[in-house]
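Following the hints, complete the assembly by docking chains B, C and D onto the known chain A.
Single-letter residue listing:
Number of protein chains: 4
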Amino acid sequence: MPETALFDRLKDSCAADWRGYVEHAFVAKLADGSLPEAAFRHYLAQDYLFLIHFARAWGLAIYKSETLEDMRQAAAAATAILDVEMGLHVEYCKGWGLTEADLQALPEASETMAYTRYVLERGLAGDVLDLQVALAPCVVGYGEIGARIAADPGTKQDGNPYRSWIAMYAGEEYQEVMRAAQAQLDRLWTARGSDARFARLAATFRDATRLEADFWQMGLDAASPTARR
Amino acid sequence: MPETALFDRLKDSCAADWRGYVEHAFVAKLADGSLPEAAFRHYLAQDYLFLIHFARAWGLAIYKSETLEDMRQAAAAATAILDVEMGLHVEYCKGWGLTEADLQALPEASETMAYTRYVLERGLAGDVLDLQVALAPCVVGYGEIGARIAADPGTKQDGNPYRSWIAMYAGEEYQEVMRAAQAQLDRLWTARGSDARFARLAATFRDATRLEADFWQMGLDAASPTARR
Amino acid sequence: MPETALFDRLKDSCAADWRGYVEHAFVAKLADGSLPEAAFRHYLAQDYLFLIHFARAWGLAIYKSETLEDMRQAAAAATAILDVEMGLHVEYCKGWGLTEADLQALPEASETMAYTRYVLERGLAGDVLDLQVALAPCVVGYGEIGARIAADPGTKQDGNPYRSWIAMYAGEEYQEVMRAAQAQLDRLWTARGSDARFARLAATFRDATRLEADFWQMGLDAASPTARR
Amino acid sequence: MPETALFDRLKDSCAADWRGYVEHAFVAKLADGSLPEAAFRHYLAQDYLFLIHFARAWGLAIYKSETLEDMRQAAAAATAILDVEMGLHVEYCKGWGLTEADLQALPEASETMAYTRYVLERGLAGDVLDLQVALAPCVVGYGEIGARIAADPGTKQDGNPYRSWIAMYAGEEYQEVMRAAQAQLDRLWTARGSDARFARLAATFRDATRLEADFWQMGLDAASPTARR
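Protein chains in written order, with the numbering used here: chain A, 4 to 232; chain B, 4 to 232; chain C, 4 to 232; chain D, 4 to 232.
Chain A extracted, bound-state conformation (with noise of 0.2 Å):
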């Protein structure tokens, strides 16, 4: 077993490129309860599309692990994601107009795809530790994301629309679902990591990560005058 956690030394080997998603103006906005409503409809809309592929993804760690306890975690995941996660994103847009059957119909957006077609396939050429390991920056980062939110002195909590959000990321059931996927990874390594294989986990970890940024981005562009596209 690593002394140092997976996700530790993995997050250590991007510094820069981890704190450019966490740390991302979006979240900042979010935070402190400027970002733009816009802003965080397109990406919460565009975060249920995601969210169908992350599903998707856990269905193909369920076939992936090599133990029952892995196959348990994965399927709960994909069913919390199916279930619960969803739902609540329902909830959140029906405020907006938007029912279910409008964001099935929304277009992918080119971050949207990027992102989960990568973590899919990556999955799919490596086992089960590249999968997870692609899996972790929004697994993990969303939780980390959360607590240090909420905990923040300087986020605005009082009329921040933006705090059920924050709230769902840095309550305690979704920070046990991140120390259980971190907890995961070491039981994985253990299994099938080795030195050899750090540096291409670690890009997997960086690319992922940098893919995480750039959704947060497309959230900010939706509201920006000057927009890409």
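No lab work stands behind these hints, which were simulated from the structure alone.
Just so it is clear, CB atoms sit at the ideal spot from N, CA and C, and this is done for glycine as well.
Any given hint might turn out to be false.
Listing some non-contacts, in silico: residues in chain C with all C-beta distances to chain D over 12 Å [as the list claims (entries may be wrong)]: (1) 67; (2) 86; (3) 197; (4) 226.
Here are some of the chain B residues that sit facing chain D, going by a computed Cβ distance under 8 Å [stated by the list, open to error]: (5) 113; (6) 116; (7) 117; (8) 120; (9) 123; (10) 124; (11) 127; (12) 201.
Frame of chain A, contents of chains B, C and D only:
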């Protein structure tokens, strides 16, 4: 949509093989209570290993599905196997002094290996329709067998040591799973089927049906003095 | 068999996207020789990385094919990329002082990543028809572009620095590859297609077509003072 | 890098199973020329079907490889099977009045199905190292068998009807393929192996070795009056 349900067309396309499976001597002996315990024990222990791979196949089905309805049905199936059906096997085996760790350490019989890998590989090479057709002889066949022998006046009820096994697959819960699987096949056929695909799907269905019959035979052989190995 | 070839039906289903790809400014500038060398250089170096993933996609096509004819066509395509087409890119790049090791060490542009992973993942999730439809905009599109600009009197022939690129894709060898790919699409459509599948296949084709256009744009942006990133 | 080559470590980890395969009665009878033609004929016809799936496995290896060297080696292997090795089988079978169309129409024996799907599925679930370890008993084992019986003074040379089969696998061309496969295993082990992975890889190697032995047995059984089925 086909006038005749896809499952019925597949079954009719290999009627003799289907009967060889659902009316196998193993099933007849389960029904009249004459099945040697050694046969059932070997079957059930291998079925535990089989279920691990079937849960993997449902994970793959989550990944391959193209609608949320199909994804949710697959996630529920994976969870039911991992959290319920495997537990029932463990309970049964406990009665024979076999722990779950014992089960996991068992060598996989060649019949278990042959059937499970066939289904998984078919699903990976083809699309979600190929995968679900490969799964159908198991999912639907067990429901058909359970319902038939439960309703058969010739079936021994009192003192039949396999009564709870029969009750599980004849029970309303499993019957509903079976009907949902048939409905899903029809949806997938509508979405992705064609007359030209039918012959290939029928070959998959027939192969999986034969592999199911081999699985029963493996159970019988385990209790036979002239067992193959 | 369709009265109209599948490729033509797919192209017609997203005519504006198709024109946005095959008549992209990058292509027009290749034809009249006005494309900045920096644009072509960036494009070609990324296309080298792209080809690695396309060879992987043809490997996947060998695995997914259901006839020896399709397997052999896929093996020939993988070999042609690995042993010929990549070598031509290496030759070109040598002229700019870039070695093959330099090419392999290049960071993958997000457009390269987005397109290649989309195709691979589509092929893994679906069947061989889904995979070949995702590959078609590249395989057939390059042949169409090459033939059109080679035949266009407006194309600069003498002194056009991109003449050999045009000659390669307009050449009889590549034109035959293109025709064989179209014939293969028709065979696969006959074997596995259906009216109900068409919309989904058309969406795959449209997505891949747009990702091709993004790939040209990436080349142009590399030479633009106001490049996106 | 291992001091002992990975292949040798794998072989040593299941020495009795390995001998059961490379010294199988089928092989001994091939060497002394006493193998009934019916046994060889059944074996060779099933081996033709086997090769189709092995070419698919090499296609998968192209997809899963992480270096151009490994991709090229896999593409060459797929091409050699599709364009050379299958042709040799077709030639042989022609002598018995079997056309290639006859071969393709043969029902797949359960031993063929079991072995090929096991290898393919292992490769899909795991990474390229898992896949190559599953392929190794076939690729390397045939070379070892060919070399050993060609060098054995007890082997019947003159008038042995299986002389050309022996010559093919003992020949320098195949021996070079075998050595290249062993070198590839060592490269992959260096890149992705670890002590913790060894037990799992050894189990894969042992399973594939047993499935090879079952494949020889299938040949013998075909010529036996007490054949299993």
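Mind checking the CB of residue 113 of chain B against every CB in chain D and telling me if the closest is under 8 Å? holds, 6 Å
Residue hint residue 127 of chain B, partner chain D, criterion CB-CB below 8 Å: holds, 5 Å
Regarding the hint that residue 123 of chain B lies at the interface with chain D, is the smallest CB-CB distance below 8 Å? holds, 5 Å
Against chain D, is residue 116 of chain B within 8 Å by beta-carbon distance? Constraint on residue 116 of chain B satisfied, holds at 6 Å.
Using 8 Å as the Cβ threshold, decide whether residue 201 of chain B counts as touching chain D. Not OK, violated: residue 201 of chain B not within 8 Å of chain D, min 18 Å.
Status of the stated non-contact between residue 226 of chain C and chain D (beta carbon gap over 12 Å): holds, 28 Å
If you take the shortest Cβ to Cβ gap from residue 120 of chain B to chain D, is it below 8 Å? holds, 4 Å
Is the Cβ of residue 197 of chain C farther than 12 Å from every Cβ of chain D? holds, 25 Å
Holds or violated: is the Cβ of residue 86 of chain C farther than 12 Å from all Cβ atoms of chain D? Not fine: 7 Å to the nearest Cβ puts residue 86 of chain C too close to chain D.
Can we keep the residue 117 of chain B interface hint, with Cβ of chain D closer than 8 Å? OK, holds: residue 117 of chain B within 8 Å of chain D, min 4 Å.
When the least beta-carbon distance from residue 124 of chain B to chain D is tested against 8 Å, hint result: Holds. Min distance 4 Å.
A cut-off of 12 Å on Cβ-Cβ distance, and residue 67 of chain C was said to be off the interface with chain D. Does that hold? violated, 8 Å
Going down the numbered hints, you'll see the structure goes against 1, 2, 12, while the others check out.
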